[in-house]
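S.K.: Each chain, letter by letter, is given below.
There are 2 protein chains.
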Amino acid sequence: MSKSAGIVIIGNEVLSGKTQDTNSYFLCTELRQLGVEVQKISTIPDVIELIGHEVAAFSQRFDFVFTTGGVGPTHDDVTIEGIAHGFGLNVVRHPDIEQRMRQRLGADVNEARLRMANVPEGAELLATEALFAPVVKIRNVYIFPGIPRILQERFHTIKERFRDTPYFLKNVYVKYGEGVIATMLNEVLAKFPQLLLGSYPMLDIPEYKVKVTLESKDPDYLERALQSFLSSLPDDAIHRID
Amino acid sequence: MSKSAGIVIIGNEVLSGKTQDTNSYFLCTELRQLGVEVQKISTIPDVIELIGHEVAAFSQRFDFVFTTGGVGPTHDDVTIEGIAHGFGLNVVRHPDIEQRMRQRLGADVNEARLRMANVPEGAELLATEALFAPVVKIRNVYIFPGIPRILQERFHTIKERFRDTPYFLKNVYVKYGEGVIATMLNEVLAKFPQLLLGSYPMLDIPEYKVKVTLESKDPDYLERALQSFLSSLPDDAIHRID
Numbered sequence: 003m004s005k006s007a008g009i010v011i012i013g014n015e016v017l018s019g020k021t022q023d024t025n026s027y028f029l030c031t032e033l034r035q036l037g038v039e040v041q042k043i044s045t046i047p048d049v050i051e052l053i054g055h056e057v058a059a060f061s062q063r064f065d066f067v068f069t070t071g072g073v074g075p076t077h078d079d080v081t082i083e084g085i086a087h088g089f090g091l092n093v094v095r096h097p098d099i100e101q102r103m104r105q106r107l108g109a110d111v112n113e114a115r116l117r118m119a120n121v122p123e124g125a126e127l128l129a130t131e132a133l134f135a136p137v138v139k140i141r142n143v144y145i146f147p148g149i150p151r152i153l154q155e156r157f158h159t160i161k162e163r164f165r166d167t168p169y170f171l172k173n174v175y176v177k178y179g180e181g182v183i184a185t186m187l188n189e190v191l192a193k194f195p196q197l198l199l200g201s202y203p204m205l206d207i208p209e210y211k212v213k214v215t216l217e218s219k220d221p222d223y224l225e226r227a228l229q230s231f232l233s234s235l236p237d238d239a240i241h242r243i244d
Numbered sequence: 003m004s005k006s007a008g009i010v011i012i013g014n015e016v017l018s019g020k021t022q023d024t025n026s027y028f029l030c031t032e033l034r035q036l037g038v039e040v041q042k043i044s045t046i047p048d049v050i051e052l053i054g055h056e057v058a059a060f061s062q063r064f065d066f067v068f069t070t071g072g073v074g075p076t077h078d079d080v081t082i083e084g085i086a087h088g089f090g091l092n093v094v095r096h097p098d099i100e101q102r103m104r105q106r107l108g109a110d111v112n113e114a115r116l117r118m119a120n121v122p123e124g125a126e127l128l129a130t131e132a133l134f135a136p137v138v139k140i141r142n143v144y145i146f147p148g149i150p151r152i153l154q155e156r157f158h159t160i161k162e163r164f165r166d167t168p169y170f171l172k173n174v175y176v177k178y179g180e181g182v183i184a185t186m187l188n189e190v191l192a193k194f195p196q197l198l199l200g201s202y203p204m205l206d207i208p209e210y211k212v213k214v215t216l217e218s219k220d221p222d223y224l225e226r227a228l229q230s231f232l233s234s235l236p237d238d239a240i241h242r243i244d
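Residue numbers (our numbering), protein chains in the order written: chain E, 3 to 244; chain P, 3 to 244.
Isolated chain E (complex conformation) (with noise of 0.2 Å):
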């Protein structure tokens, strides 16, 4: 068994069309790498109810979730109130935090500011020598800014937190349609069940028509389901295998 993830992408500017999220493809991306198997995505507004419902969800449901977005000093910035509502548990302001920002900030400290001081009662901080404001983590859930390089070099800080044992994965790309070679990819499944396979037509390359993919955590399970599949093939249907 993988370990599971799930991911919530909070923010109006996404479901408006104004931004397009990028967050997920690189967590979807870095999460397979390590191992971990994203089992949904769900992007919501900037409401707290809301928040607090689809994250106290995905915490039962899944061994980590990552949430992007939505931490901040404006009105729009709800998401540690929202995960805090989700959990009962209270908003508190972090000593740690606090005294970071009158650090640096002196003066320039307002009410506004500190608000990106507030953590959910007991959370802990995570990647704090990194940068101006940390992870906050609190039970299973990791807190990230939306900002994609903000959030990617974070993420880099603590990843090693979540590797499992790896994916392998084949490409194979054929030369015919899937409407040809459905009937062997089934014929594979029913020999490798647990097999990931997938089938991907591919509309504008001229050099194949389909790439299909083989994955397993069991390079041995792997190898002969690959072999397995392409003995089913024809001669002519391979363009290329990586």
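A few of these clues could be false.
Treat identical chains as interchangeable: a pair holds within one or across any two.
Simulated crosslink set (DSSO-like; lysine-lysine; CA at most 30 Å straight-line) [stated by the list, open to error]: (1) K5 with K211; (2) K5 with K177; (3) K213 with K177; (4) K177 with K161; (5) K20 with K177; (6) K20 with K139; (7) K161 with K5; (8) K172 with K20; (9) K219 with K193; (10) K139 with K211; (11) K161 with K193; (12) K139 with K193; (13) K139 with K172.
Keep in mind the hints are simulated off the structure, nothing from the lab.
Start from chain E and add chain P according to the hints.
M.R.: Then chain P, alone, in the frame of chain E:
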């Protein structure tokens, strides 16, 4: 009240980081321009029960539901079965799609390909003139393929049916950071509680620090809110407005 929408992105390839979903951004942008409020996006695996549960829940909650992905001839294309399952409907072969496939493919029709003629019982076909396979509509759910180019073509063919009263948007690019202007944002929201107000810090743009978005379906209300916000800012704070 705006018409509401939910989007369900179906595909292991997105969750495993193999493919970056661009369909949700396309749909969010288009629906916003049509005046429709997207309230949630869920990205879920190719699993019948999960698809059924999510789509049935979205169908109850939102005026329109859009699904992308999981329609095709292979083992991982289970969107139709999933949605039928969620609504407690049978899967039936649609005679119009089957006829078209037989006309086009002749002797190359096989059982795998004919799966693409399957629909939940009672489904309606839309955008039938445009392309090989139509958009399948069941209740308030619009079932689109995952390939972006095809999804986009089909969406444009049917989009007028979703049109609602438009949103009006003003962007104000502010030279001060969020920590400084948070108070002004709170003030304008206190005076104009119906305003849709966003605040987005920009790290890498020297000319300004925050993009503030003001939005409403009532252009007069928007204009009054904009003037109120502008008058609360220091004279040198505004980089530009558009």
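S.K.: Out of the numbered hints, which ones does the structure contradict?
M.R.: 1, 2, 4, 11, 12 and 13
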